[in-house]
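These protein sequence lines are chains P and G, in that order.
Heads up: the first sequence runs through residues 1 to 110, numbered per the numbering used here.
Heads up: the second sequence runs through residues 1 to 122, numbered per the numbering used here.
Please note: incorrect hints may appear among the correct ones.
[Said to hold, decoys possible] When the alpha-carbon atoms are kept at most 27 Å apart in a straight line, the in silico DSS-like pairs for lysine-lysine are as follows:
no. : chain 1 : residue 1 : chain 2 : residue 2
1   : G       : K73       : P       : K47
2   : G       : K77       : G       : K59
3   : P       : K44       : G       : K45
4   : G       : K5        : P       : K44
5   : G       : K45       : G       : K77
6   : G       : K13       : P       : K47
7   : P       : K47       : G       : K5
8   : P       : K47       : G       : K59
9   : G       : K45       : P       : K47
10  : P       : K47       : G       : K77
I should point out that these hints are in silico values taken from the structure, not numbers from a laboratory.
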Amino acid sequence: QSALTQPASVSGSLGQSITISCTGTSSDVGGSMSVSWYQQQPGKPPKLMIYDVSHRPSEISNRFSGSRSGNTASLTISGLQTEDEGDYYCSSYASSDTLIFGTGTNVIVL
Amino acid sequence: QITLKESGLTLVKPTQTLTLTCTFSGFSFNSGAMGVGWIRQPPGKALEWLALIYWNDVKRYSPSLRSRLTITKDTSKNQVVLTLTNMDPVDTATYYCAHTDYGSRTVYLDYWGQGALVAVSS
Numbered sequence: 001q002s003a004l005t006q007p008a009s010v011s012g013s014l015g016q017s018i019t020i021s022c023t024g025t026s027s028d029v030g031g032s033m034s035v036s037w038y039q040q041q042p043g044k045p046p047k048l049m050i051y052d053v054s055h056r057p058s059e060i061s062n063r064f065s066g067s068r069s070g071n072t073a074s075l076t077i078s079g080l081q082t083e084d085e086g087d088y089y090c091s092s093y094a095s096s097d098t099l100i101f102g103t104g105t106n107v108i109v110l
Numbered sequence: 001q002i003t004l005k006e007s008g009l010t011l012v013k014p015t016q017t018l019t020l021t022c023t024f025s026g027f028s029f030n031s032g033a034m035g036v037g038w039i040r041q042p043p044g045k046a047l048e049w050l051a052l053i054y055w056n057d058v059k060r061y062s063p064s065l066r067s068r069l070t071i072t073k074d075t076s077k078n079q080v081v082l083t084l085t086n087m088d089p090v091d092t093a094t095y096y097c098a099h100t101d102y103g104s105r106t107v108y109l110d111y112w113g114q115g116a117l118v119a120v121s122s
């Protein structure tokens, strides 16, 4: 069971949009509704941002959106703000009844 | 309001067994369709899923650590216990417990504890 692949870092200017990719296989990302995204800021636990591929918890800003194409899931942050800086992890439940996290992406706001 | 808190020894010696307890409030295993999982994060590294236990006592483990892990629940105490045997310095990490709502038969971790930093050193 390998970690899902994410870019190490993604940067964007204030107000811009960025997209973070999360690549897996047909046994996890491509074949599971259990794809989720987490934001983690320094010294804090992860926070759920997106669940079930594209659903957003009620308290999460609509600037965050999730999607999937084939074996790759994506998290888009629009109208980038300084408080969006941090690490982002994707996760998927796999057909082997295991949960897999991504390698993590550091988001930098320029 | 759902809260979770990890507790246990923060310093263990190599070869010892780590026992961590997750004490939660705001939900109950008796309510059904939910679970509690354990995740760890070595300093400066990515999240790694360890284990998950559902309300019906179904258990799932990370394949790479299955032989060393045990997850149990105590419904009356609102607790989940994780044990990891034969600890090694590479097991040094912050250990989190988290709640999953299984109502829609999907798995996502919507509430997390603050984490417990465990160091392995002689």
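Do the hints match the structure? See the list:
1. G:K73 <-> P:K47: holds, 24 Å
2. G:K77 <-> G:K59: holds, 19 Å
3. P:K44 <-> G:K45: holds, 14 Å
4. G:K5 <-> P:K44: holds, 13 Å
5. G:K45 <-> G:K77: Given that 27 Å is the threshold and the Cα spacing comes to 33 Å, the pair is violated.
6. G:K13 <-> P:K47: Outside the cut-off at roughly 31 Å; violated.
7. P:K47 <-> G:K5: It holds: about 15 Å lies between the C-alpha atoms, which stays within 27 Å.
8. P:K47 <-> G:K59: holds, 24 Å
9. G:K45 <-> P:K47: holds, 17 Å
10. P:K47 <-> G:K77: With Cα atoms ~26 Å apart, K47 (chain P) and K77 (chain G) stay inside 27 Å; holds.
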